[in-house]
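First to last, the protein sequences are chains Y and Z.
Under the working numbering, the first residue of the first sequence carries the number 9, and numbering increases by one thereafter.
Under the working numbering, the first residue of the second sequence carries the number 9, and numbering increases by one thereafter.
The hints are simulated quantities; they were obtained by calculation from the structure and are not laboratory data.
Idealized CB from N, CA, C, for every residue including glycine.
Cβ-Cβ distance ranges computed for the label pairs, FRET-style:
no., chain 1, residue 1, chain 2, residue 2, range
1, Y, Ser-26, Z, Asn-90, 43 to 51 Å
2, Y, Gln-68, Z, Gly-24, 49 to 57 Å
3, Z, Gln-30, Y, Leu-54, 16 to 24 Å
4, Z, Glu-62, Y, Glu-87, 44 to 52 Å
5, Y, Ser-20, Z, Leu-123, 32 to 40 Å
6, Z, Asp-34, Y, Gly-49, 19 to 27 Å
7, Y, Lys-79, Z, Arg-18, 33 to 41 Å
8, Y, Pro-90, Z, Gly-60, 44 to 52 Å
9, Z, Val-11, Y, Ser-36, 34 to 42 Å
10, Y, Val-28, Z, Leu-123, 37 to 45 Å
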Amino acid sequence: GENVEQHPSTLSVQEGDSAVIKCTYSDSASNYFPWYKQELGKRPQLIIDIRSNVGEKKDQRIAVTLNKTAKHFSLHITETQPEDSAVYFCAASLNSGYSTLTFGKGTMLLVSP
Amino acid sequence: SAVISQKPSRDICQRGTSLTIQCQVDSQVTMMFWYRQQPGQSLTLIATANQGSEATYESGFVIDKFPISRPNLTFSTLTVSNMSPEDSSIYLCSVLGLASQETQYFGPGTRLLVL
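Isolated chain Z (complex conformation) (with noise of 0.2 Å):
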């Protein structure tokens, strides 16, 4: 079965500084999306990442915050962009098109911990 990675799988920030998460699928998918999941919440779409073009973002995210890219159909990249301790939180890649058109599989998380 494939293979979704994510690095980093932790890190520990100073509030101000960016981070960029990178998430890397085996094989090629439909598309790629990026979740945050706060401590014992459930999961919150950030955005869809389009392949070669503007990412769609959700209802309260916004691209200077959340740059997101995705160069080719396996690979992506979400910066979280001038932290603060309200940023600490999961970040899941998903992906969609492995398996079915319908069904997402996640990435295993990036831990942020902004101090």
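Next comes chain Y alone, as it looks inside the complex (with noise of 0.2 Å):
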């Protein structure tokens, strides 16, 4: 089945820089790949996502890039504020009728004011 890899684990930056979090996936058959961000104690919200005829995508302080040859897809937040401190999630699907999301492990960013 697939399997995605997150990294890194945790990442702390300073308010204002950009912060990238990388995932790879192992089936090559995957073609949906959606971002979660989840608050303390909240539920997984969607933020962006990527279907694989698309390389780029970008939603204002948000960008999401995919290079299906290696595998592996980024986070990319620009501006970083203290209200984007989270835990993310990637996820990687396999739409063949329905979708079922294999998730990364989680990365925790701390935006320091």
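Fit chain to chain and form the complex, with the hints in mind.
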């Protein structure tokens, strides 16, 4: 089955810096890659996703890039703010009629003022 | 936007007992899933709740321990049976088919502590 590796496990940045979280996946047939943000005590919330026919997607300060050949995708957050502090999970899915997601282990992002 | 709710939000249970968790969506969805999130860990899929048929369980999870029902397109239950302290976790339902056939949205979770 699919295996998703996520790095780093923790990331500390100063407010205003950029943050990058990287994930690799094993199944070349995976074609959907969402990112979730989970604040302490809250549910995971989808923040951005990308499909395998697209190389990059942006939404304000957040961007995701996908390299299908290397089987890796990354989350980029620019101009980080303290409210970006949370655990971020990447996931991969093989959309064969319905999607089951395989999650990475998560990255705890801490943005210091 | 659609609302996904879970009941109870939290519970403390004695070992050997069972707890049934409910997941309710305010609109019909294609798929419903149940996840476990142990403290400080990632999300692990327990099973896919199939409407009108038996759930599809992931490796390491069995129906006797985690019976699941899905009587219609908006509701599902997960029972954690014969609980032990190792079952202490957050249990989350997720749904597919609200905005697209790819994006899963999560319920608020049920925090379970087994003593």
